[in-house]
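Use these hints to put chains B and C onto chain A, whose structure you have.
Here is what each chain is made of, one letter per residue.
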Amino acid sequence: MKFLLYLGCTTATKQYGYELSLRATLPLLGVELEHPKDMNCCGVPMKGISKFYPYYACARIMALAESQGLDIIAPCNGCHLNLTETIYKLKLNPLLMSAVNELLKEEGLKYTGKAMVYHPVEILHDKIGIEKITSSIKRKLPEIPVSSHPGCHLIRPTEFPRPETRDGPLKLDRLIEAIGLKARDYPEKYECCGAAILPYSPEAAIKTAAFRIKRALAVGSKAITSLCPYCIDMLDGKQDAAKTITGDQNISIPALYYTQLLGLALGLDEKELGMSLNMSPVEVLLEEVKV
Amino acid sequence: MVEDEEVRIGVYICHCGLNIASVVDVKKAAEEVSKVPNVVVAKDYQFMCSQPGQNIIIEDIKQHRLNRVVVAACSPRMHEPTFQKAVERGGLNPYLFEMANIREHCSWVHEKEKVAATEKAIKLVKAAIAKARLLKPLKREKVNVIPRALVIGGGIAGIRASLDIANAGFEVHLVETRPSIGGNMARLDKTFPTLDCSQCILTPLMVEVSRHPNVTLHTYTDVVNIDGSVGNFKVKLLKKPRYVDESKCTGCGTCITKCPWTAPSEFELGLGKRKAIYFEFPQAVPLIPVIDPEHCMYFQKGTCRACEKFCPTKAIDFNQKPEEIELEVGAIILATGYSLYDVAKAMPEYGYRKYKDVITGLELERLVSATGPTKGHIVRPSDGKEPKKVAIILCVGSRDEKHLRFCCRFGCVAGIKHAYYIVSHIPDAEVYICYRDIRTFGKGYEEFYERIRNYENIKFIRGSPMEILQDADGSLYFDVFDANTNRIVTLRPDLVVLETGIVPHPTFKEVAKILKCAVGPDGFALELHPKLRPTETSVDGVFLAGAVQGPKDIPDTVAQAGAAASSVIALMSKGYVETIPYVSSINEDLCSGCGICQPLCAYDAISLVKKEDGKQVAKVDIGKCKGCGVCAAACPSGAAQQLGFNDEQILAMVRTLTR
Amino acid sequence: MLFYLIGGWIFTFKFSLEDAVKELRPQLCYQCMKCSSGCTAAKVVNNYRPHEIVALVKAGYSDELINSDVIWACSVCLKCVEYCPQRVSPFEVVMALRNESIARGRVPPKSFVEMAKSVLKVGHIQEPMYIMSKDFEEVSRMELGLPEMPKPKDFEKFKQHVLLVGFEKLKEVIRV
Chain A
0 MKFLLYLGCT TATKQYGYEL SLRATLPLLG VELEHPKDMN CCGVPMKGIS
50 KFYPYYACAR IMALAESQGL DIIAPCNGCH LNLTETIYKL KLNPLLMSAV
100 NELLKEEGLK YTGKAMVYHP VEILHDKIGI EKITSSIKRK LPEIPVSSHP
150 GCHLIRPTEF PRPETRDGPL KLDRLIEAIG LKARDYPEKY ECCGAAILPY
200 SPEAAIKTAA FRIKRALAVG SKAITSLCPY CIDMLDGKQD AAKTITGDQN
250 ISIPALYYTQ LLGLALGLDE KELGMSLNMS PVEVLLEEVK V
Chain B
0 MVEDEEVRIG VYICHCGLNI ASVVDVKKAA EEVSKVPNVV VAKDYQFMCS
50 QPGQNIIIED IKQHRLNRVV VAACSPRMHE PTFQKAVERG GLNPYLFEMA
100 NIREHCSWVH EKEKVAATEK AIKLVKAAIA KARLLKPLKR EKVNVIPRAL
150 VIGGGIAGIR ASLDIANAGF EVHLVETRPS IGGNMARLDK TFPTLDCSQC
200 ILTPLMVEVS RHPNVTLHTY TDVVNIDGSV GNFKVKLLKK PRYVDESKCT
250 GCGTCITKCP WTAPSEFELG LGKRKAIYFE FPQAVPLIPV IDPEHCMYFQ
300 KGTCRACEKF CPTKAIDFNQ KPEEIELEVG AIILATGYSL YDVAKAMPEY
350 GYRKYKDVIT GLELERLVSA TGPTKGHIVR PSDGKEPKKV AIILCVGSRD
400 EKHLRFCCRF GCVAGIKHAY YIVSHIPDAE VYICYRDIRT FGKGYEEFYE
450 RIRNYENIKF IRGSPMEILQ DADGSLYFDV FDANTNRIVT LRPDLVVLET
500 GIVPHPTFKE VAKILKCAVG PDGFALELHP KLRPTETSVD GVFLAGAVQG
550 PKDIPDTVAQ AGAAASSVIA LMSKGYVETI PYVSSINEDL CSGCGICQPL
600 CAYDAISLVK KEDGKQVAKV DIGKCKGCGV CAAACPSGAA QQLGFNDEQI
650 LAMVRTLTR
Chain C
0 MLFYLIGGWI FTFKFSLEDA VKELRPQLCY QCMKCSSGCT AAKVVNNYRP
50 HEIVALVKAG YSDELINSDV IWACSVCLKC VEYCPQRVSP FEVVMALRNE
100 SIARGRVPPK SFVEMAKSVL KVGHIQEPMY IMSKDFEEVS RMELGLPEMP
150 KPKDFEKFKQ HVLLVGFEKL KEVIRV
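In order, the protein sequence lines correspond to chains A, B and C. Residues 0 to 290, numbered by numbering that gives the first Met the number 0, are exactly what the first sequence covers, in order. Residues 0 to 658, numbered by numbering that gives the first Met the number 0, are exactly what the second sequence covers, in order. Residues 0 to 175, numbered by numbering that gives the first Met the number 0, are exactly what the third sequence covers, in order.
Only chain A is shown next, with the shape it has when bound in the complex (with noise of 0.2 Å):
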């Protein structure tokens, strides 16, 4: 299995942890992974200055997929989405479909719809397979309560197909209790990380987060987990922010990728899935995973 790996503006920038484990984890999985050498923004965080920029930049993405034969892994939820949107609706609009590739055109790449966009979440739990999780993994980690944040974006809209639902139990949840961790459920599980209101109101968005993170702690999980960059940017990275706003100064929980717990039952070194770049108090999850 062989797949371009689109990361997608906030992995590449700064969500380091995420590509360093994701790079890490599947190939011992048996996913290739193809670094694309031409790549732009997926359009999400425009789509208030443009109706059509997302679709161009989308097209564009998959087009250089196709050129190289290969589907795409769109580990950000917004990239996923948007390029699941694209597919869609240019399916449903010959008109915009044309237009989009004639700009194509004269960037040598053509869109025909060939490529296919898949999440993480997806790999992981349809490609390869719990199965193959559990036969692969080097150590079962102690069965503690980790709460999964999918994120908006892999169950919303219905509209078009998405990774996740919420009428039944997640993927996510499965991948976690494949290498032995407890999933534990939280109210607000399937609500908003916040993050888009960044840009109009920091404080906004940080009380948001906070809010999520107020309600796993509540249940008593150990950690969040998700497999988002935007999510855990949110709920990792902005920690210290949250206590400030809200002057609660109960707000710490490790805050980690799937990706980089899946990489500790794998036997990685925590340095090579990036986890020293977490905010979050990810050391307290460690002491309790080193068994």
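Think of the hints as simulated: they come from the structure by calculation, not from any bench. Check the hints yourself; a few may be wrong.
[What the hints assert, rightly or not] Calculated cross-link-like contacts (lysine-lysine; reagent style DSBU-like; alpha-carbon spacing at most 30 Å):
id : chain 1 : residue 1 : chain 2 : residue 2
1  : A       : Lys-126   : A       : Lys-1
2  : C       : Lys-116   : A       : Lys-13
3  : A       : Lys-206   : B       : Lys-353
4  : C       : Lys-156   : A       : Lys-104
5  : A       : Lys-88    : C       : Lys-158
6  : B       : Lys-388   : A       : Lys-213
7  : B       : Lys-257   : B       : Lys-300
Then chains B and C, alone, in the frame of chain A:
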């Protein structure tokens, strides 16, 4: 006979007030068509369907010796019978009449192109004239109506309709799929707006219908097949085995006391338990228990037989088999009612079935009922404690393009009633009703709403929550934007009541398939006309009562049940029906017996028969034929013709229109 | 404005609020308040209320919103899209208002300007950063052994296209 006579046509162009006349130049149209050969008179008039309008036709038939009449007006759906009767009163065969639709097909759709519309209207009338020239008198056949009715569904609608028919002196067979009649109304504690006890007004009717000499009750029975047509339906029922001999059982209930096995009760919507041998509810009619083989240890493992041992009348019969019952009836009433929308599956965001303390309004009725699982105490299903703060959410699944587009028509008043239940049982409780619009349209409903608004501890929040969440300690909470106070309110209720939308009962889908009656886009039965024929279906002799036609409250359901019953009574009192004359007819000389038409007929009206000379020909059962014309269109030799719409007549119209 | 003739149809990458409103049908909204009850932003941003935005657009007060920064508060959680009983999608309405405000030459909140500038400079909303690790080391992609983050190959062409699909007006206003 008419055929030898000179054809003399009278043409009448209706203004339909201004519906037609404001677009079509009716004077000009009348003048144009008066020039057509065979047209003796051509007139326009403001309302042809009025009494004076009809009299013009009758007078003209006599004065001008007309033998064909053409009226250009609205769609024939409404007024074709009106004019046919007028023509008949004038002394002609009613089928020597033809109608041109220059309203729906012309003036209403060409409002802005008056000149072209007038031309089109003239063409349409000329085509009708062309057909009228070739019309032949047709005959209606009389078919006797079997004076016996079938009522499907034993809820309040079916019970009321059965009683009305039975009281008029006709025989009724009432079929109910559950072990007891009573339906959803039996689950209610009180009925709005008067708050009278539901059981108190329903059970007397249940008993009355079961004891009525003209009513035969078939409980725990399904409809398997229905054949035939109005006046003569052949019905096949399947009586499911109760494993209790009805002729021996006295309803003493000893078997139930002795039965050691339990299962969730269907009647209590899973809130309570019943035994493996059970009455649906204490006031069940008939009061004969049923064994549920799925939970009975004898059926599962071959042991126990406690019920059999203790039955004083030896009524238990483990060998009972399903029993087929055949009936012949003249008319059918569908009263299959409703079930609740499956919110657990369709709307996971409200957490119904996921959180124990989120219940439906119907479940609350059971919690309040003195005979319910909690003996009338309102408690939280999770811990059995009395809820002090209750949120009632209206429009759950209703008025939603992604779920049910229609209004459930009783959720608002039911929600208000439920708030009353809470404060009357738990006076210090606080109730929040989250509503979108409060619709209290029925008689006395607004007054009831006002009465409930007076309670200080019942608060109305104008807004719907998006989702219900559960906190770490198990308590429920949600945010709702209140447009009345313009702020987001966070509620932490002990109990949440969802006033869910409703869908047709699943049995309706099967019956509709058997009967081939029309179903609306919402899944409910489609009435023949939303205003003027609300109890009739697309199948003659099949009538509707209650929520099978669409959401209804009890008063409307009972009213419609009475209306459906009176339609049935009218049919039976008359004793016969006249068949439509536009049936298929086979010219046996032309028919090659190829049989192409037979499988195409949707109504099984065509059979292949051998004539005396050995030639195989198609034969039409005019009792079954609906005049759809499929056989005539498919017949390769032109032997099958639809009377009143034969090839010659249709082609004459086409030729005129394309000239 | 460039246009394309495709199968006899003229296509331009021009945004029109009128078209968007026609497509989104805010007039179908009957103010059930579901969107404002569940809205992520409404809980933390004082005057942000999706139902009110839809009502204002429906009643013809779009200008008030276009000239206000509040439309930039949406958290893109898409709950309103998911649960709107009328398929109105307040999120899309907000996006249409944002697009219109850009088309009219209004400057969005600073962070959006920064992101747009970066797209026009490198093709991404921001450039790779130095990140402070737990050991108080500032690390870059290279130091972590990660391959370089690629830019669009023919960058001038890419930029030209980005401008064409809707960044032109913004570029004029923010003078990149």
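Each hint, compared with the structure:
1. At roughly 11 Å between alpha-carbon atoms, Lys-126(A) and Lys-1(A) fall within 30 Å of each other, so this suggested pair holds.
2. Note on Lys-116(C) and Lys-13(A): the hinted pairing holds, with a Cα-Cα distance of about 18 Å set against a maximum of 30 Å.
3. The hinted pair formed by Lys-206(A) and Lys-353(B) meets the criterion: a straight-line CA distance of about 28 Å does not exceed 30 Å.
4. Between the alpha carbons of Lys-156(C) and Lys-104(A) the distance comes to roughly 11 Å, so the proposed pair stays at or under 30 Å and holds.
5. Annotation: proposed proximity of Lys-88(A) to Lys-158(C) holds, straight-line Cα distance about 23 Å (limit 30 Å).
6. Using a Cα cut-off of 30 Å, the hinted pair Lys-388(B) and Lys-213(A) holds, with the two alpha carbons roughly 25 Å apart.
7. A threshold of 30 Å between alpha carbons decides the hint, and for Lys-257(B) with Lys-300(B) the separation of about 18 Å falls inside it, so the pair holds.
Comparing the model with each earlier hint shows no violations; every hint is respected.
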